[in-house]
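Asks: Residues in the sequence shown are numbered consecutively from 389, following the working numbering.
Source of the hints: derived by calculation from the structure; they are not laboratory data.
Treat each hint with caution, since some may be false.
[What the hints assert, rightly or not] Straight-line alpha carbon distances no greater than 25 Å define the calculated DMTMM-like cross-link-like pairs of lysine to aspartate or glutamate that follow:
#1 Lys477 / Glu508
#2 Lys504 / Asp411
#3 Lys477 / Glu499
#4 Lys477 / Glu495
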Amino acid sequence: MYDILTSSVNDHHLSRADTTTADPEPQPDNPWLFTDPTARAIYARQARLDQLRHDILTFVMYDGQWSPDELQLKREIRQLLWANVLQPKGTFGYLSPHPTVYRAASEGILEIAGHKFHFEAGQDVVFEPWLARVCYPGLPGPARIGRLRSVADVCLCCDAFPRVGTLCERALAILRQTLPNGVTRQIARY
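Kindly produce the complete structure, drawing on both the sequences and the hints.
Replies: Structure (structure tokens):
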């Protein structure tokens, strides 16, 4: 995965993140849950915020909801921020929903759906959309851990995976079932 340096696109040079230690419980129907505030501001300046929202609702979320494992990732990030294990890196993911990238200050573990994902100090941790996980096998959960390369342009999931737009709901549901941990397909209804 790639990231975009916030200062290269942010006129205000503010360090903001999509998760803070003071955040409330994540809402499963909030399309902006994993969107870095700087990325959202970029789309607003370009009058493309509706396009980003549509992309998130259609290609990133499933039926307008975040899955339980994605919500758990949000909780884990919040907890690791509170413990000063993770810190915002000052970049966001190039692929929508353009999540904040976090840098590990020390080694740690993300525990999601009974699976443990270990990371070392200096590694990056970022939310990975389900389409990317399906298209790039080997990602067992909703987070990518490692070092990211920087690029200059944002990319919507509909542009990164254009053939997905031609699939019916049944085909999308089957595609989601191929995810390794299987929890993503069990969408919570509130």
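Asks: Checked against the structure, which of the hints given earlier come out wrong?
Replies: Per hint list: zero violations.
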